[in-house]
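Asks: Spelled out from the first residue to the last, the chains are:
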Amino acid sequence: MSKSEAINYIPFKQKLRGYLKHPMSLFLLILVIGAAVITVGLVAILLGHLLIKGIPHIKPHLFEWKYTTDNLSMMPAIINTFIMVILTLLIAVPVGISSAIYLVEYAKRGNKVVSVIRLTTETLAGIPSIVFGLFGFIVFNTMIFKGYSMIGGALTLSMMVLPIIIRTTEEALISVPDLFREGSFGLGAGKLRTITRIVLPYAMPGILAGIILSIGRIVGETAALIFTAGTIPGVPKALTRSGRTLSLHLFELVQNPQAPTDRYFNAAYATAVVLLALVVLVNALSSFIAKKLSSK
Amino acid sequence: MNYKMEINNVNLFYDKFQALKDVTIPIAEKQITAFIGPSGCGKSTLLKSLNRMNDLIEGCLIKGKMLLDGEDIYGGMNVDILRKRVGMVFQKPNPFSMSIYDNIAYGPRTHGIRSKAALDEIVEKSLKNAAIWNETKDRLKKSALGMSGGQQQRLCIARALSVSPEVILMDEPTSALDPISTGKIEELMSELKKEYTVIIVTHNMQQATRISDTTAFFLLGEMVEHNVTREIFSNPKEKRTEDYITGRFG
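One line per chain: the protein sequences are D and H, in this order. FYI, in this note's numbering the residues of the first sequence are 1 to 296. FYI, in this note's numbering the residues of the second sequence are 1 to 250.
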């Protein structure tokens, strides 16, 4: 059947007439379309610029195992980024999920302590990352580990992503209908079993979303790491030594006194493309996992 | 007559609000007792306190005595064991988001049964007793959430049976179901009372007359009248009961 036969089909002419009769709605239509075009356009220009400038400079020497001032390799930084992500998550995820479980499942609703913890996490989320960096520098670098270290960086980043993990896990737990808890309690299951077997599996996609968000934050963070993990361009022999992540590597390439030379800038563009690809990959992976989990 | 449970002079408060006023009802063994009354009369509250589901509610205070086989359920009895002995079916079907098999096996596993053979047997027996075995035997590994509402509710009954309870509490179990599913569940209940003591809260007075042996009528937290179901509906002693069942209010 052709489109014009459909009774709910409005021909273009008729639509146009309608809009001409109401110029204000035509104006608004143009405005919202314009806003959408600008948003998409900005992203397209940014990505396009980055890809055009970056991709031609992705060369094998950028992926050599050891960094030298000749090859400007980002491989150690990529490895460091993975180390940093895993280390930070190892610290922040257990603490974050446990706090959220306490807040939602154990603390009495309307408890004073709960509102204090909530206020604290919200405040933590609002602190600029450079301030975290300064704090990490003073506590971890000058007092505990005596110098720049991966572990100091990871601890600092843990403090930064903790609010994200707590908030998202909390939301996920709250969204689990009480029906399921009652069903489990009604069979004589205790609190622990109800939480681990019924509540957590149900909340998993939401919790995972929070972890992914945190990974994005860790991969992208620069300011807090300059002060804590430091900028040594190699894979450290111990976690108590300094090592730069990918975004710090990018920062250092541009900051380098020789930077306004093409060599450093080209390497920076290439690094930016890889960083971007990494973040996109993490996001894709996460939505894939979330879909897998929720469809089960 | 043998009393399975006894509710003696129970007063229940939610903070300052008194939800139950000096309620006394003996619950006969292997019979169906129905609680009827308008919304907010306290019947669901009473039902939930019989397996201590009210423990989860902040500010809920209970005075009086409730006995299971003469044993005080609020006096040092292990809550998990109590809930194993006094099972519950909820208003809205609430199967867990796992397979049909795992839904039924959840309870027995909770109470320490690990052997595959024993679990298989319990799952089959529970599903048969809940009259849903034929519909589920070929899809035990499939998610329980793919079933219809009526099937889900019968699955929940099977799940309640899986821990071999002595008493089954049903909180308006058919209010979310269509007439055909409701019929199936009512049929099932008459089967269940051969082995179990059943207490059901219902809004549907026809349902109470169809299935229950005795009926208790509640109004504003008070238990107005408790008698053999036929008597309550044909020859109520209290004016308030008569007004309610003849539809003058509620």
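Some clues are possibly wrong.
What the hints assert, rightly or not - Some chain D residues flagged as far from chain H (calculated, every beta-carbon gap over 10 angstroms):
1) Met75
2) Ile91
3) Arg109
4) Gly110
5) Thr123
6) Pro177
7) Arg181
8) Ile198
9) Thr261
10) Phe265
11) Val280
12) Ala290
As the list claims (entries may be wrong) - Heads up, simulated DSSO-like pairs for lysine-lysine below, C-alpha to C-alpha not over 30 angstroms straight-line:
13) H:Lys63 / H:Lys237
14) D:Lys108 / D:Lys191
15) H:Lys142 / D:Lys292
16) D:Lys191 / H:Lys239
17) H:Lys65 / D:Lys191
18) D:Lys108 / H:Lys141
19) H:Lys116 / D:Lys191
20) D:Lys191 / H:Lys16
21) D:Lys108 / H:Lys237
22) D:Lys291 / H:Lys142
23) H:Lys184 / D:Lys191
24) H:Lys92 / D:Lys108
25) D:Lys291 / H:Lys92
26) H:Lys194 / H:Lys184
27) D:Lys292 / H:Lys137
28) H:Lys92 / D:Lys292
29) D:Lys291 / H:Lys141
Don't read these hints as lab results, they were simulated from the structure. From a predicted model like this one, the values you see are computed outputs, not experimental measurements. Here a beta-carbon is modelled for each residue, glycine too, at the ideal position from N, C-alpha and C.
Asks: Now tell me if each hint is right for this structure.
Replies: The hints, checked one at a time:
1. Separation of Met75 (chain D) from chain H is adequate, the least Cβ-Cβ distance of about 43 angstroms exceeding the 10 angstroms criterion.
2. The claim that Ile91 (chain D) is not at the interface with chain H holds, since no C-beta of that chain comes within 10 angstroms of its own (minimum 30 angstroms).
3. Residue-level check failed: Arg109 (chain D) sits 6 angstroms from the nearest beta carbon of chain H, not beyond 10 angstroms.
4. With 10 angstroms as the threshold on Cβ separation, the claim that Gly110 (chain D) sits away from chain H is violated: the shortest Cβ distance comes to roughly 8 angstroms.
5. The non-interface label for Thr123 (chain D) is consistent with chain H: the shortest C-beta to C-beta separation is roughly 27 angstroms, beyond 10 angstroms.
6. The Cβ of Pro177 (chain D) sits about 8 angstroms from the closest Cβ of chain H, inside the 10 angstroms cut-off, so the non-interface label is violated.
7. Some Cβ of chain H comes within 10 angstroms of the Cβ of Arg181 (chain D); the nearest lies about 8 angstroms off, and the non-interface call is violated.
8. At roughly 6 angstroms, the least C-beta separation between Ile198 (chain D) and chain H is not larger than 10 angstroms, which violates its mark as non-interface.
9. No beta-carbon of chain H is positioned within 10 angstroms of the beta-carbon of Thr261 (chain D); the least distance is around 58 angstroms.
10. Consistency note on Phe265 (chain D): stated as away from chain H, and its beta-carbon is indeed over 10 angstroms from all of that chain's, at 52 angstroms minimum.
11. For Val280 (chain D), the condition that its CB be more than 10 angstroms from all CB atoms of chain H holds, with the nearest at approximately 30 angstroms.
12. The claim that Ala290 (chain D) lies off the interface holds: its Cβ sits roughly 15 angstroms from the closest Cβ of chain H, which is beyond the 10 angstroms cut-off.
13. Using a Cα cut-off of 30 angstroms, the hinted pair Lys63 (chain H) and Lys237 (chain H) holds, with the two alpha carbons roughly 28 angstroms apart.
14. Proximity of Lys108 (chain D) to Lys191 (chain D) is assessed by CA-CA distance (about 14 angstroms); at most 30 angstroms being required, the pair is judged to hold.
15. Using a Cα cut-off of 30 angstroms, the hinted pair Lys142 (chain H) and Lys292 (chain D) holds, with the two alpha carbons roughly 16 angstroms apart.
16. For a cut-off of 30 angstroms, the pair hint linking Lys191 (chain D) to Lys239 (chain H) is broken: about 45 angstroms separates their Cα positions.
17. Annotation: proposed proximity of Lys65 (chain H) to Lys191 (chain D) holds, straight-line Cα distance about 26 angstroms (limit 30 angstroms).
18. Between Lys108 (chain D) and Lys141 (chain H) the alpha-carbon distance is near 37 angstroms, which puts this suggested pair outside the 30 angstroms criterion.
19. Under the criterion of a C-alpha separation no larger than 30 angstroms, the hint pairing Lys116 (chain H) with Lys191 (chain D) is consistent with the structure, at around 25 angstroms.
20. Pair hint Lys191 (chain D) plus Lys16 (chain H) holds up; C-alpha atoms about 28 angstroms apart against a cutoff of 30 angstroms.
21. For the suggested pair Lys108 (chain D) and Lys237 (chain H), the alpha carbons sit about 45 angstroms apart, so the restraint of at most 30 angstroms is broken.
22. Our distance criterion of 30 angstroms between C-alpha atoms is met by Lys291 (chain D) and Lys142 (chain H), whose separation comes to about 18 angstroms.
23. Between Lys184 (chain H) and Lys191 (chain D) the alpha-carbon distance is near 33 angstroms, which puts this suggested pair outside the 30 angstroms criterion.
24. The hinted pair formed by Lys92 (chain H) and Lys108 (chain D) meets the criterion: a straight-line CA distance of about 25 angstroms does not exceed 30 angstroms.
25. Annotation: proposed proximity of Lys291 (chain D) to Lys92 (chain H) holds, straight-line Cα distance about 26 angstroms (limit 30 angstroms).
26. Under the criterion of a C-alpha separation no larger than 30 angstroms, the hint pairing Lys194 (chain H) with Lys184 (chain H) is consistent with the structure, at around 17 angstroms.
27. The hinted pair formed by Lys292 (chain D) and Lys137 (chain H) meets the criterion: a straight-line CA distance of about 26 angstroms does not exceed 30 angstroms.
28. For the suggested pair Lys92 (chain H) and Lys292 (chain D), the alpha carbons sit about 27 angstroms apart, so the restraint of at most 30 angstroms is met.
29. A hinted pair counts as satisfied when its Cα atoms are at most 30 angstroms apart, and Lys291 (chain D) with Lys141 (chain H) qualifies at roughly 20 angstroms.
Hint violations for this structure: numbers 3, 4, 6, 7, 8, 16, 18, 21 and 23, all remaining hints satisfied.
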